[in-house]
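Colleague: From first to last, the protein sequence lines stand for chains A and B.
For this note's numbering, count along the first sequence from 1 and bump the result up by 1176.
For this note's numbering, count along the second sequence from 1 and bump the result up by 3.
Capping the alpha-carbon separation at 27 Å, the derived lysine-lysine pairs in DSSO-like fashion look like this: (1) A:K1194 <-> B:K13; (2) A:K1331 <-> A:K1342; (3) A:K1383 <-> B:K14; (4) A:K1219 <-> A:K1342; (5) B:K13 <-> A:K1331; (6) B:K240 <-> A:K1241; (7) A:K1367 <-> A:K1340; (8) A:K1331 <-> A:K1217; (9) A:K1383 <-> A:K1217; (10) A:K1383 <-> B:K13; (11) A:K1219 <-> B:K13; (12) A:K1340 <-> B:K13; (13) B:K14 <-> A:K1340; (14) B:K13 <-> A:K1217; (15) A:K1367 <-> B:K240; (16) A:K1383 <-> A:K1342; (17) A:K1331 <-> A:K1219; (18) A:K1367 <-> A:K1265; (19) A:K1219 <-> A:K1194; (20) A:K1219 <-> A:K1367; (21) A:K1340 <-> A:K1219; (22) B:K14 <-> A:K1331; (23) B:K14 <-> A:K1219; (24) B:K13 <-> A:K1367; (25) A:K1265 <-> A:K1217; (26) B:K14 <-> A:K1342; (27) A:K1241 <-> A:K1190; (28) A:K1194 <-> A:K1239; (29) A:K1190 <-> A:K1239; (30) B:K333 <-> A:K1367; (31) B:K13 <-> A:K1342; (32) A:K1217 <-> A:K1340; (33) A:K1383 <-> A:K1367; (34) A:K1383 <-> A:K1219; (35) A:K1265 <-> A:K1219; (36) B:K14 <-> A:K1217; (37) A:K1342 <-> A:K1367.
To be clear, the hints were calculated from the coordinates, so they are not data collected in a lab.
These figures come from a predicted structure and were not determined experimentally.
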Amino acid sequence: MEDREFDLCMSRLKEGDKEALHEIYTALGSYIYHFVLGILKSKEDAEDVTSEFFIRLWRNADKYKPGNGYKTYITTIARNMSIDFLRSKGRESLIEDIFPQKYEDSDVYNTEDMITAGANTGAVGSLAGSSDAANTTGAGAPDSADITANEAVGKVAMEEALSKLKPPEPQIIHMKFALDMTFAEIAEVLKIPMGTVTWKYREAIGKLRRCGYAF
Amino acid sequence: MPSDFEREYKKYIESETPDLWSRIEAGIEAVDTKTVNENATGQVFAEVAETAAEGQAVNADENRKDAGSYVNQNGSKVIRWGVFAKRAGQIAAAVALVFVAYALVQLLAKGGIRSSESAAPMADAAPAADSGVAYEAAAEAADTYDMAEAADDSAAYEDEAYEAADEAPAMAEAAQAPVSSDASEADLSADNSIREAEKYGKNSLKAESGAAASFEAADGDISMKEGTEMILMIGDKEIGVEWEDNDSVRALKDMAAEGPLTIDMSMYGGFEQVGSLGLSLPSDDERIETESGDIVLYSGDQLVVFYGSNTWSYTRLGRITGLSDKEIEKLLSEGDVSITLTVE
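Please put together the full structure from these sequences, using the hints given.
Modeller: And the structure:
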């Protein structure tokens, strides 16, 4: 969902247009749910917080200021609601695991090493040198008779790959790939330096590549 | 064959998300019901307050209706002819402006000097119509409050018209674009409009429309207008840029003119930040050895800003000014940035 689209939906929300909220939910519901699930680690809790997120969006539509980009806005709200939820349940320890307060600057390595992967057509003509050789696991070209089996295999493979990530890597990957947020936006939400975000992202990409994914 | 992570990930999160819409909808209705109940309570208090104020409101209305008259000590209604005459004059001025506006439309439709000649008789006719209309308007205004209220509105309109007359020369000047013959004719039309405005004093509406028409006639390529500048921001920092004068920059400016254009850049190779524009611009690639601060177009649709050097085939777009190589490197080498282009 583009920024302008979201702003338009929010202005309709202010007028009491429920359909606008449904559009936002359709576009962003899975993003919010999985972001929250990554923090709460419980599907029931994630459902509660996600539902409350959209109800709160409806209730506070008049407080939204358009024109500043919505991704950081909604992610920060979801983050804060999740933290509040954990605190209300006495599970503050999880907060520290996912959002560590301190990242040493030494975690940020030489900028020459911080070559970002992802969709990037760099100006040296090709990206051939930037992708590592990956293990060739995963399903081959799907045949119509095996789609369901492939989907199941894909789900298991994905869960196994994601389980290898350590916080805040799953959050960074989620924000980057599910909502295409910039590193600056991710850094703002997670309240960590942007250099740390790019470094953790690179590490996460490396782990996922070793699980057989291409970028 | 490695599978594409982004595609697989999006598929995964979509499939693993429960449908919460009915739950959300129920929650919204609960919120709305609570709000309605709170409003209903407030409504009762509001109605009581309104009834108490009604008596005072009736008296206020009566006084307003008789603004152009009063009841003297003998109980006779006295009409203030002076007040109505003044308001009638304002109505007449408004009617004259309407005639002038009509003449202006005719002028612009036919274009240039020819139309101004035909408009002159119309403008001459306006003062003549003035006194006759004023006389009739005064008589009508003596009977109804509505006419007086309309005169107040027209007075405000007249004030706005005077303000527009002051602005018209500036508007016409801003609208000038030395490119096409259509624009030149429109400028001439605007110049004539301004002269007419000065000649007839109250013909401000004419000047405003003339200038506005020039603006529209010269429109098309906003990048050609004088006074528009493309601003580049890296993050929230405005950066000075000396832009090239070529079709690529003009096309980029057109994009930015439609609203702030934000491009998510990514660091690459240790010497550049690159980001997709989302569509292809006109390009004229040549082999260039870039330097720190160079801004180029790569492959027709990628914006590239350098903090180091590289040699490849690019189209030049511009160059950062006012920053040293070290400052540029610090700005661009510490992680991905967002670049925003706006036109002011």
